[in-house]
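*Asks:* Whole structure, please, built from the sequences with the hints as guidance.
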Amino acid sequence: MAERVHNAATVVFDHVTKHYGANEAKKGTLGAVNDLSLTVPAGKICVLVGPSGCGKTTSLKMVNRLIEPTSGKILLDGVDASTRDVIELRRHIGYVIQQVGLFPHQTVEENVATVPRLLGWTEEKQHSRAAELLDLIGLPPAKYAGRYPSQLSGGERQRVGVARALAGDPPIMLMDEPFGAVDPIVRERLQNEFLRLQEDLAKTILFVTHDIDEAIKMGDLVAVLQVGGELAQFGTPAEILANPASDFVAKFVGSDRGLKRLSLYRVDDVPLEALPTGRVGEPSAPARARLLAHPFEYLLVLDADNRPLGWASLSSVSMADQITADMAHASSPHLDRRTTLKDALSMLLDATVQVGVVVDRHGGHRGILTVDGIANWIRAQTPAEPAQGSR
Amino acid sequence: MIEGRPLIDWSWIASNPDDIVERILQHLQLTAIPLIAGFAVSLLLAVWALKRPALYTPVIAVSGLLYTIPSLAAFAVLRPVFGLSLLTAVIPLTTYTLLILFRNIMAGFQAVPPDVLEAAEAMGYTSRERLLRVQIPLAVPLMIAGVRLAAVTVIGLATVASILGDAYGGLGQFITEGLQQLFPTKYLLGAFLSVVLAFGTHMLFVRIEKAVTPWALSRESAVG
Numbered sequence: 001m002a003e004r005v006h007n008a009a010t011v012v013f014d015h016v017t018k019h020y021g022a023n024e025a026k027k028g029t030l031g032a033v034n035d036l037s038l039t040v041p042a043g044k045i046c047v048l049v050g051p052s053g054c055g056k057t058t059s060l061k062m063v064n065r066l067i068e069p070t071s072g073k074i075l076l077d078g079v080d081a082s083t084r085d086v087i088e089l090r091r092h093i094g095y096v097i098q099q100v101g102l103f104p105h106q107t108v109e110e111n112v113a114t115v116p117r118l119l120g121w122t123e124e125k126q127h128s129r130a131a132e133l134l135d136l137i138g139l140p141p142a143k144y145a146g147r148y149p150s151q152l153s154g155g156e157r158q159r160v161g162v163a164r165a166l167a168g169d170p171p172i173m174l175m176d177e178p179f180g181a182v183d184p185i186v187r188e189r190l191q192n193e194f195l196r197l198q199e200d201l202a203k204t205i206l207f208v209t210h211d212i213d214e215a216i217k218m219g220d221l222v223a224v225l226q227v228g229g230e231l232a233q234f235g236t237p238a239e240i241l242a243n244p245a246s247d248f249v250a251k252f253v254g255s256d257r258g259l260k261r262l263s264l265y266r267v268d269d270v271p272l273e274a275l276p277t278g279r280v281g282e283p284s285a286p287a288r289a290r291l292l293a294h295p296f297e298y299l300l301v302l303d304a305d306n307r308p309l310g311w312a313s314l315s316s317v318s319m320a321d322q323i324t325a326d327m328a329h330a331s332s333p334h335l336d337r338r339t340t341l342k343d344a345l346s347m348l349l350d351a352t353v354q355v356g357v358v359v360d361r362h363g364g365h366r367g368i369l370t371v372d373g374i375a376n377w378i379r380a381q382t383p384a385e386p387a388q389g390s391r
Numbered sequence: 392m393i394e395g396r397p398l399i400d401w402s403w404i405a406s407n408p409d410d411i412v413e414r415i416l417q418h419l420q421l422t423a424i425p426l427i428a429g430f431a432v433s434l435l436l437a438v439w440a441l442k443r444p445a446l447y448t449p450v451i452a453v454s455g456l457l458y459t460i461p462s463l464a465a466f467a468v469l470r471p472v473f474g475l476s477l478l479t480a481v482i483p484l485t486t487y488t489l490l491i492l493f494r495n496i497m498a499g500f501q502a503v504p505p506d507v508l509e510a511a512e513a514m515g516y517t518s519r520e521r522l523l524r525v526q527i528p529l530a531v532p533l534m535i536a537g538v539r540l541a542a543v544t545v546i547g548l549a550t551v552a553s554i555l556g557d558a559y560g561g562l563g564q565f566i567t568e569g570l571q572q573l574f575p576t577k578y579l580l581g582a583f584l585s586v587v588l589a590f591g592t593h594m595l596f597v598r599i600e601k602a603v604t605p606w607a608l609s610r611e612s613a614v615g
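Chains as they are written, first to last, in our numbering: chain P, 1 to 391; chain F, 392 to 615.
None of these hints come from the bench; they were simulated from the model. A virtual CB, placed ideally from N, CA and C, is assigned to each residue, including glycine. Honestly, I wouldn't trust all of these hints.
Cβ-Cβ distance ranges computed for the label pairs, FRET-style [to be verified]:
#, chain 1, residue 1, chain 2, residue 2, range
1, F, P504, P, I185, 39 to 49 angstroms
2, P, L75, F, V603, 41 to 51 angstroms
3, F, V438, P, L75, 36 to 46 angstroms
4, P, R361, F, R443, 34 to 44 angstroms
5, P, G146, F, R443, 50 to 60 angstroms
6, P, G146, F, L398, 49 to 59 angstroms
7, P, A22, F, R443, 14 to 24 angstroms
8, F, V603, P, A304, 28 to 38 angstroms
*Replies:* Quick look at the structure:
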């Protein structure tokens, strides 16, 4: 994917207003939008965040004209969306929603190939595109292509939803609480996977959430909206955390801004520590020597593929001739390099052994991270200008 | 019943296979035509009501009213107009299917999850593509359940069509003639075969329902 020309468009909201008449307002939950102006540069993730009724979903749906604005314009690469054919427009904008909305009567492959089919691609091209995307989202096509949505887990369904939205290689993606319906652990993983995808894809993404932590984690830019559809603040996550523009934003961001700032950084940003490790099958003596030379009392046991199995005590290492898998006690969390420091800290505090093992995407060991390590590193950062170089 | 004669005269059955097959075919015709016509009308009405939800209530009211007309009365009223023709039988039988079919087709459409419809719209389906590729396929299980119910109902009602005489009478003809001739073999056979036909049709549609929805792991039909 790296050599691909990135397909992304600038999205501009130009004084966009949506009012609902008395009749429509009665129907329910849609929030109005009042004079919204903001620019999302091509290839960036802009998160629209705010309490319910703040108009964030309405704003999103005006981009693909599921909702038409009362006044104002939305420009996609400079072209007014209202002047484009609505069907053609939608086929070039990816759309992911919380309930996913997969077609239950179609297989995973048919679901993913929806937009290519609508665009009139050949069967062969539809098939290869679906396979490519299933690979990309980590669902091997040989296993998943022929399944029906009812045969997938919640997390798998969400991944297929993302693949379906990407299938036509749209320059813009709209995502409405895309990870809202899965449990926190799966959500964290899906967020990380999506950020990894976005590094290669560099789409322009509008992302709606009510969760400020998710906004800080996912957004290059964050637009905080308040009830009535007013834009309360628009900026980078770091700016919003450091300098909330109003009492509303400060309250919405929460009194634990210091803690939330941890969400701006990822495990990847912190220099990892090394601890003595031993590989299964290796003789004990050299491992024991390494362990004795180090203040930490446990040896991290790795399997043949460098994957951490757990901790072995000095005494168990001393008693055996060689390192074995059963001397390892798995009791510390594994951290992905994209996990935010906030989540990492939370996982560490929950664990019996407060040492996190950082792993790469194949589960291989990269180093360890401790609560002290996080605290020392964060102290070294000046609060006013947190590094945004993480992505 | 005539003394000395057995209840079932097997030799009569054995010597009249052509008659029996013909009556069964007539009965199937009396069932299939109203079903197909009723389904076509109901589907059109349902698609229309999907676009204009205000139509739902009046369509239910009218088809409900038609459903209350006694079948014998309907045949009697239509007979001076269409004579002893197939049409006289088929028109009332068709109207009886409308209530069941329209209600089930609408229930099928209403069972399509709103998020699926929204996704289809957002991905750039035209409303026609959405109807053909999403709404109708997803409504199929409840549609078939409706057809199953309607088929069984029509098979029962079609026995009354025997008043139309020999040409279109179906299995009801056996029942009527058997009762008139005090010949139990005939009316028992007519009754038995119409029950078998109804039950067989029911089983057939239950199987079709399962076969055409491989995507539904376990699905309870809401109506029927």
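*Asks:* The structure should be examined with respect to each hint, and the outcome stated for every one.
*Replies:* Taking the hints in turn, this is what the structure says about them:
| no. | hint | in the structure |
| --- | --- | --- |
| 1 | P504(F) to I185(P): 39 to 49 angstroms | violated, 26 angstroms |
| 2 | L75(P) to V603(F): 41 to 51 angstroms | holds, 46 angstroms |
| 3 | V438(F) to L75(P): 36 to 46 angstroms | holds, 37 angstroms |
| 4 | R361(P) to R443(F): 34 to 44 angstroms | violated, 53 angstroms |
| 5 | G146(P) to R443(F): 50 to 60 angstroms | violated, 39 angstroms |
| 6 | G146(P) to L398(F): 49 to 59 angstroms | holds, 57 angstroms |
| 7 | A22(P) to R443(F): 14 to 24 angstroms | holds, 23 angstroms |
| 8 | V603(F) to A304(P): 28 to 38 angstroms | violated, 50 angstroms |
Violated hints, listed in ascending order, are 1, 4, 5, 8; each of the other numbered hints is respected by the structure.
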